[in-house]
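A.B. asks: Residue numbers (my numbering), protein chains in the order written: chain A, 253 to 708; chain B, 574 to 941.
Don't take each hint at face value.
Said to hold, decoys possible - One-sided and incomplete, this derived list gives chain B residues near chain A with beta-carbon spacing under 8 Å:
hint : residue
1    : 630
2    : 633
3    : 828
4    : 920
5    : 932
6    : 936
What the hints assert, rightly or not - When the alpha-carbon atoms are kept at most 30 Å apart in a straight line, the in silico DSS-like pairs for lysine-lysine are as follows:
hint : chain 1 : residue 1 : chain 2 : residue 2
7    : B       : 905       : A       : 550
8    : A       : 254       : B       : 605
9    : B       : 677       : B       : 727
10   : B       : 712       : B       : 605
11   : A       : 306       : A       : 516
12   : B       : 677       : A       : 488
13   : A       : 254       : B       : 603
14   : B       : 727       : B       : 707
15   : B       : 905       : B       : 576
16   : B       : 781       : B       : 905
17   : B       : 576       : B       : 897
18   : A       : 488       : A       : 516
19   : A       : 254       : B       : 677
20   : B       : 727       : B       : 603
21   : B       : 677       : B       : 712
22   : B       : 677       : B       : 605
23   : B       : 677       : B       : 603
24   : B       : 603       : B       : 707
25   : B       : 712       : B       : 603
26   : B       : 576       : B       : 781
27   : B       : 917       : A       : 550
28   : B       : 603       : A       : 488
29   : B       : 712       : B       : 727
30   : B       : 605       : A       : 488
31   : B       : 712       : A       : 254
32   : B       : 603       : B       : 713
33   : B       : 727       : B       : 605
34   : B       : 707       : B       : 605
35   : B       : 713       : B       : 605
36   : B       : 917       : B       : 905
37   : A       : 516       : A       : 324
38   : B       : 713       : A       : 254
39   : A       : 254       : B       : 707
Hints are computed from structural coordinates only; laboratory data are not their basis.
Note that the structure is a prediction, hence the values are computed from the model and not measured.
For glycine and all other residues, C-beta sits at the position ideal for the given N, C-alpha and C.
The lines below spell out each chain.
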Amino acid sequence: MKVVGQRLPRYDAGAHVTAGTRYVDDVRIPGTLWAKALRSPHHNAEILSIDTSKAEAMEGVFAVVTHADVHKNVHGHIEGLGVPGDEPLLAATHVRYLGQPIAAVAAVDEATALRATEAIEVTYRELEPLFDIRRAFEPNAPQAHDNQNWYPDFEGQMDRRQIRKGDVDWAFEQADHIVTGVYRPYPMEHVPMETQVTQVVPEADGRYTVYSATQAMYFSMGVVAAHLDWPLNRLKFIGGTTGSGFGGKVDTASETITVLLAVKAQRPVRWRWTREEEFLCSSTRAGWHMEVADAITKDGWILGRKMLTLHDAGAYSRFSPYGVTKHSFHHTGAYTIPNLEFNGYVVYTNRVPSTAMRGFGVTSVSFATEIHIERCARAIGMDPLEFRLKNANRLGDTSPNGVVYTDPSTVPVVKAIAEATGHELPADYRTMTAAMRSGDDLPEHLVGQLGNPEDH
Amino acid sequence: MAKAVGRGIAAIEYPTGMNQNGDPSQAWIKLKMDGRVDVFAGTVDIGQGSKTVHSQIVADAIGVPMDWVTMDTSNTDSSAFCMGTFASRGTFIGGNAVRLAAEKVRSRILEIGGELLEVDAGDLEIADGEVHVKGSPDKKVGMGDIAGFATFVKGELISGQGTALKEYATLDPETGAVTVPPHSAISYAACAAEVEVDTETGDVRVLKMSQVYDVGRAINPTMVEGQIEGGAMQGLGLGLLETVYPYYPSPDHRGSGYGSYFVPSMEELPELECIIIENPSSDGPFGAKSIGEMANNAQPPAIATAIYDAVGVWVTEMPITPEKVLRALRAKEEGRPESRTDGKYIRYDEELSINAVASADSAVLFAP
Numbered sequence: 253m254k255v256v257g258q259r260l261p262r263y264d265a266g267a268h269v270t271a272g273t274r275y276v277d278d279v280r281i282p283g284t285l286w287a288k289a290l291r292s293p294h295h296n297a298e299i300l301s302i303d304t305s306k307a308e309a310m311e312g313v314f315a316v317v318t319h320a321d322v323h324k325n326v327h328g329h330i331e332g333l334g335v336p337g338d339e340p341l342l343a344a345t346h347v348r349y350l351g352q353p354i355a356a357v358a359a360v361d362e363a364t365a366l367r368a369t370e371a372i373e374v375t376y377r378e379l380e381p382l383f384d385i386r387r388a389f390e391p392n393a394p395q396a397h398d399n400q401n402w403y404p405d406f407e408g409q410m411d412r413r414q415i416r417k418g419d420v421d422w423a424f425e426q427a428d429h430i431v432t433g434v435y436r437p438y439p440m441e442h443v444p445m446e447t448q449v450t451q452v453v454p455e456a457d458g459r460y461t462v463y464s465a466t467q468a469m470y471f472s473m474g475v476v477a478a479h480l481d482w483p484l485n486r487l488k489f490i491g492g493t494t495g496s497g498f499g500g501k502v503d504t505a506s507e508t509i510t511v512l513l514a515v516k517a518q519r520p521v522r523w524r525w526t527r528e529e530e531f532l533c534s535s536t537r538a539g540w541h542m543e544v545a546d547a548i549t550k551d552g553w554i555l556g557r558k559m560l561t562l563h564d565a566g567a568y569s570r571f572s573p574y575g576v577t578k579h580s581f582h583h584t585g586a587y588t589i590p591n592l593e594f595n596g597y598v599v600y601t602n603r604v605p606s607t608a609m610r611g612f613g614v615t616s617v618s619f620a621t622e623i624h625i626e627r628c629a630r631a632i633g634m635d636p637l638e639f640r641l642k643n644a645n646r647l648g649d650t651s652p653n654g655v656v657y658t659d660p661s662t663v664p665v666v667k668a669i670a671e672a673t674g675h676e677l678p679a680d681y682r683t684m685t686a687a688m689r690s691g692d693d694l695p696e697h698l699v700g701q702l703g704n705p706e707d708h
Numbered sequence: 574m575a576k577a578v579g580r581g582i583a584a585i586e587y588p589t590g591m592n593q594n595g596d597p598s599q600a601w602i603k604l605k606m607d608g609r610v611d612v613f614a615g616t617v618d619i620g621q622g623s624k625t626v627h628s629q630i631v632a633d634a635i636g637v638p639m640d641w642v643t644m645d646t647s648n649t650d651s652s653a654f655c656m657g658t659f660a661s662r663g664t665f666i667g668g669n670a671v672r673l674a675a676e677k678v679r680s681r682i683l684e685i686g687g688e689l690l691e692v693d694a695g696d697l698e699i700a701d702g703e704v705h706v707k708g709s710p711d712k713k714v715g716m717g718d719i720a721g722f723a724t725f726v727k728g729e730l731i732s733g734q735g736t737a738l739k740e741y742a743t744l745d746p747e748t749g750a751v752t753v754p755p756h757s758a759i760s761y762a763a764c765a766a767e768v769e770v771d772t773e774t775g776d777v778r779v780l781k782m783s784q785v786y787d788v789g790r791a792i793n794p795t796m797v798e799g800q801i802e803g804g805a806m807q808g809l810g811l812g813l814l815e816t817v818y819p820y821y822p823s824p825d826h827r828g829s830g831y832g833s834y835f836v837p838s839m840e841e842l843p844e845l846e847c848i849i850i851e852n853p854s855s856d857g858p859f860g861a862k863s864i865g866e867m868a869n870n871a872q873p874p875a876i877a878t879a880i881y882d883a884v885g886v887w888v889t890e891m892p893i894t895p896e897k898v899l900r901a902l903r904a905k906e907e908g909r910p911e912s913r914t915d916g917k918y919i920r921y922d923e924e925l926s927i928n929a930v931a932s933a934d935s936a937v938l939f940a941p
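Working from the sequences, and respecting the hints, build out all of it.
C.D. replies: As C-alpha cells, this is what we get:
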C-alpha cells in the first residue's frame, strides 16, 4: 500500500502527550555538575576588569570560564556565508546587551553555581545605550556596537542590501497615485516549552558527547568545533529530539560554553536555562521598520515600489544579514511589480540579539505589504481581491531578482479564498488562471519583465 | 459597550530552503538481512513530524510497508550531514535526500532480485516488500530473501546514499540579480480572518480564520493541517498578543515569564477552516512544496485588515494590542485623519516614519 498522501499518525505523538519522550533534560549522567552564567547587568558598558579568583576558590566549584578560555572567542555562525563574526562567546571588552554572558561556572549543585557567579567581580564603565533603530544613523547616535551602528559587509562591500529592477523613476512619474505607509512588527519570543539545555559528557576516549536540543546538529557541532579549534570527530552530538525551537534553537546558545566547562572540570556538566533566562536572555524574532511607497494607476496596476527596511539586529549580527537578504528577495510578496528600489539595513541596538524565527525575514514583509496592498486598492476604490489577482505572480513573470516564476499560485489561492468566504468575483477574474499573461493581463509596462519559464 | 465585526484577507508566498541555496541534506540507507530499512539522516524533528514524513517517502520510494522503515536521526556519528531544520527545508530538502538514497537502494534490490528471478531488473517492480515481475505478481521474491542473499551469499551490504543540494546563487550587490534561482519551489497561501472589536476596551477577538495553502503535494494531510492550524495560532499571537517589548523600542516592561508574556491559549482558538491545494512542484519529493514557516505569515495582515473593516482604523505596529486600538479609535474620534493627500501622494503613518523621528542629518532617511 502506498503511504504518501495518507493521514498517518506521528510516530512520537503518543509519547509527547504521555511524558514518554526523552528530552535532553531527562538524560541522567552520574556526577554531573551544574552550570550557571554571570550575565551583564547593563545594556551597554565597557568591561574594565574581571576577577574570578573568589569564585574559583569556593568549595564545590570545579570550573570557571571566561573569554580567556576560548580559543576563538569571536566566531560568526554564518562566517561560511560571508558574514564576519562580531559576537564574543563570553564578553571580553564590552557588554552590549542586558543578560550577555561574561563568565560561566560549573559546580556541584545549582545553588553553589549561582553563588559562585555572584562571587565573580566585574567592573564596568556604563555607556549610553541605543534602542531606536530609526535614530541609529544620526551623527551623534550612541554607539551600540564595536563598529558602526549598521552592518557594513553585504557582499563584503555594501552597508545595505539593495534591489534595483526596471525604472522606478518612470513608475513614480507615470503613477496616478503614490501610497506610502510605515509598518513596524515588534520583536517576539520563540517561547519554547523546553528552555535552552545542554548536557556534556567527557568520554574515556577523549571525545565529548553533547546532548543538545539544537535544531541543527551538524551546524551546532560546527560552531562548537570552531570556537575550540577542534576537529569534528572530537565531538559527538546526540540530538534529534527538540522541545520546540521555532528558529531559536539554531543559535547554539548553550552548547559551546557547556563543553568548555566540561573540558576544564573534566566532569559531566549540564546547563539548563531558567524560564526567566529563556525570556530575557535568549534571542528573539527581530523588530522591523518598513516604509513602503507604491506607484499605482487608477485602474489598479502597481507600476513600482520603493521600500526602506531597517532590521533591529540587537547587539550582534548573528543571522540578520541573511534575514534582510531573504526579506529583500520577497518584498513584492505574491505580486509582480516591475520597477523596484529597495534598501535594507541591518541595524544594531543594545538589546538581546535577534535571530531566525518561523518565517525569517518574510513574516515582516508579508505584514507590511499585505496591509499596503489593501490601502492601495481602497485608495482607487477597487476590490482588494481583484487588485491582488490583477497584479498576481503569473507564469513567466519575474521576481525582484529576475527569477522566472515557474509554478506561481497567487491566482488559485486568492480565487479559493474568495470562494471559501463567499466573495463574488467578476467573470474575467473567475476565469483567470496562473498561465502566462496575454491580452488585457499584459499591459505594456509588464512586457519587459517577462521571462521564459521553459528555460528554468 | 459596542462590538464591531470585520473581515480581512491576505495572500502570501514563501520559498523553500536557505536563501541563495548551498544548504545540503544527506541521507544513507542500509538494509537489514530481513529486508527492513534503516535510514540515517540528520534532519532534526522539531515537532513538525519530519521523521514520519521521511518514513512515508522512503516506504513509497522503495516499495515497502511503512513499519519496515526505521529513521535514525539521533547523532552525528551515524547520521549523515543535514544543514538543519530551518528555512522550511525538512520535508523538501531532507525529504529529497532520503528519496534519492531510497531510489539507489531500490535499484540495487531490483538488480539482485533480477539475479534471483533470472529476469532483467527492468522487468521488475517492488510493492509491499516483495519484488515481482511486472504483470506476473506470482513470480516474486521477498526483500528478506534478497537482503539475506546479498549478506550471506554475495557478501554485500545493500545500501544507498543521497544528497539534496542546490547550487549557491551569487548575487549582484548593486541590483540583487542572481545567477540561479535562489531557492527551491515557492509555496502560496491566503488567509481570511473574521474579527470582533470591542470599541470600549480595544480588545480584538478572532472569530474565524479560513486558510488556503498550496503545498504542492500533501505527503501527510493530517500533519499539513497541523502546521496550518498551529501556524494560525502563532500568527494570531503575532498579530494581537505577543511582544518582548510592549513599548518598543523602549526596553521597559519586558515580560520574563508566562504570566507577563502572552501567547495564545485555547481561549483564543477561533473556528479554523483549512483548504489544501495541490499544485505539484517539479523539484520536491512526490511534488511537495514546503509549509513549515509560512504558516504564521498570512494571519497578522489579515487580522489588521479585518480590524480596519470593523472599526475603520489601521494599526500598523504589531501586535495590535487593545491600547493601540483605543489610541487609533480616539484619534479617529478627534477627527485626526489617517492619511494626508499631498498632490498625487496619499501618505499614511507619517508620525512613525524615520523622517519624523530621526534628525535631519541622519545618514538614512526615506523620501519617496
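A.B. asks: If a hint holds in the structure, say so; if it doesn't, say that too.
C.D. replies: Results for each hint:
1. Of the supplied interface hints, the one on residue 630 (chain B) holds, with its beta-carbon coming within about 7 Å of a beta-carbon of chain A, less than 8 Å.
2. Interface restraint check: residue 633 (chain B) against chain A, minimum CB-CB distance 5 Å, threshold 8 Å, status holds.
3. With a cut of 8 Å, the hint placing residue 828 (chain B) at the interface with chain A holds, because the nearest CB-to-CB distance is about 6 Å.
4. Interface restraint check for residue 920 (chain B): the shortest CB-CB distance to chain A comes to about 5 Å, inside 8 Å, so the restraint holds.
5. Interface restraint check for residue 932 (chain B): the shortest CB-CB distance to chain A comes to about 5 Å, inside 8 Å, so the restraint holds.
6. The criterion of a C-beta within 8 Å of any C-beta in chain A is met by residue 936 (chain B), whose closest approach is roughly 4 Å, and the hint holds.
7. Restraint check for residue 905 (chain B) and residue 550 (chain A): the C-alpha separation of about 27 Å stays at or below 30 Å, so the hint holds.
8. Proposed proximity of residue 254 (chain A) and residue 605 (chain B) is supported: the alpha carbons are some 21 Å apart, at most 30 Å.
9. A hinted pair counts as satisfied when its Cα atoms are at most 30 Å apart, and residue 677 (chain B) with residue 727 (chain B) qualifies at roughly 18 Å.
10. Proposed proximity of residue 712 (chain B) and residue 605 (chain B) is supported: the alpha carbons are some 23 Å apart, at most 30 Å.
11. Of the supplied pair hints, the one linking residue 306 (chain A) and residue 516 (chain A) holds, its CA atoms being roughly 17 Å apart against a limit of 30 Å.
12. Taken as a hint, the residue 677 (chain B) and residue 488 (chain A) pair is honoured in the structure, with Cα atoms around 28 Å apart against an allowance of 30 Å.
13. In summary, the hint linking residue 254 (chain A) to residue 603 (chain B) is supported, as the alpha carbons are separated by about 21 Å, within the 30 Å threshold.
14. Our distance criterion of 30 Å between C-alpha atoms is met by residue 727 (chain B) and residue 707 (chain B), whose separation comes to about 25 Å.
15. At most 30 Å may separate the alpha-carbon atoms for a hinted pair to count; residue 905 (chain B) and residue 576 (chain B) meet this at roughly 17 Å.
16. For a cut-off of 30 Å, the pair hint linking residue 781 (chain B) to residue 905 (chain B) stands: about 27 Å separates their Cα positions.
17. At roughly 17 Å between alpha-carbon atoms, residue 576 (chain B) and residue 897 (chain B) fall within 30 Å of each other, so this suggested pair holds.
18. A threshold of 30 Å between alpha carbons decides the hint, and for residue 488 (chain A) with residue 516 (chain A) the separation of about 18 Å falls inside it, so the pair holds.
19. Note on residue 254 (chain A) and residue 677 (chain B): the hinted pairing holds, with a Cα-Cα distance of about 19 Å set against a maximum of 30 Å.
20. Taking the CA atoms of residue 727 (chain B) and residue 603 (chain B), the gap is near 16 Å; set against the 30 Å cutoff, the hint holds.
21. Taken as a hint, the residue 677 (chain B) and residue 712 (chain B) pair is honoured in the structure, with Cα atoms around 23 Å apart against an allowance of 30 Å.
22. Between residue 677 (chain B) and residue 605 (chain B), the direct Cα distance comes to roughly 16 Å. Compliance with the 30 Å bound is thereby established for this hinted pair.
23. Between residue 677 (chain B) and residue 603 (chain B), the direct Cα distance comes to roughly 11 Å. Compliance with the 30 Å bound is thereby established for this hinted pair.
24. For the hint pairing residue 603 (chain B) with residue 707 (chain B), the CA-to-CA distance comes to about 25 Å; that is within 30 Å, so the pair holds.
25. Under the criterion of a C-alpha separation no larger than 30 Å, the hint pairing residue 712 (chain B) with residue 603 (chain B) is consistent with the structure, at around 25 Å.
26. Using a Cα cut-off of 30 Å, the hinted pair residue 576 (chain B) and residue 781 (chain B) holds, with the two alpha carbons roughly 16 Å apart.
27. Taking the CA atoms of residue 917 (chain B) and residue 550 (chain A), the gap is about 11 Å. The hint holds against a cut of 30 Å.
28. With a CA separation close to 21 Å, the supplied pair residue 603 (chain B) and residue 488 (chain A) stays within the 30 Å bound.
29. Between residue 712 (chain B) and residue 727 (chain B) the CA atoms are separated by roughly 22 Å; this keeps the pair inside 30 Å, and the hint holds.
30. Between residue 605 (chain B) and residue 488 (chain A) the alpha-carbon distance is near 25 Å, which keeps this suggested pair within the 30 Å criterion.
31. Taking the CA atoms of residue 712 (chain B) and residue 254 (chain A), the gap is near 21 Å; set against the 30 Å cutoff, the hint holds.
32. Between residue 603 (chain B) and residue 713 (chain B), the direct Cα distance comes to roughly 22 Å. Compliance with the 30 Å bound is thereby established for this hinted pair.
33. For the suggested pair residue 727 (chain B) and residue 605 (chain B), the alpha carbons sit about 14 Å apart, so the restraint of at most 30 Å is met.
34. Distance restraint check for residue 707 (chain B) and residue 605 (chain B): the Cα-Cα separation of roughly 25 Å lies within the 30 Å cut-off, and the hinted pair is therefore satisfied.
35. As the CA atoms of residue 713 (chain B) and residue 605 (chain B) are separated by approximately 19 Å, the hinted pair is consistent with the 30 Å bound.
36. Restraint check for residue 917 (chain B) and residue 905 (chain B): satisfied, since their Cα atoms lie roughly 23 Å apart, inside the 30 Å limit.
37. Using a Cα cut-off of 30 Å, the hinted pair residue 516 (chain A) and residue 324 (chain A) holds, with the two alpha carbons roughly 16 Å apart.
38. A hinted pair counts as satisfied when its Cα atoms are at most 30 Å apart, and residue 713 (chain B) with residue 254 (chain A) qualifies at roughly 19 Å.
39. Distance check on the hinted pair: residue 254 (chain A) and residue 707 (chain B) sit about 17 Å apart at the alpha-carbon level, within 30 Å; holds.
Hint check: no violations occur; every hint is consistent with the structure.
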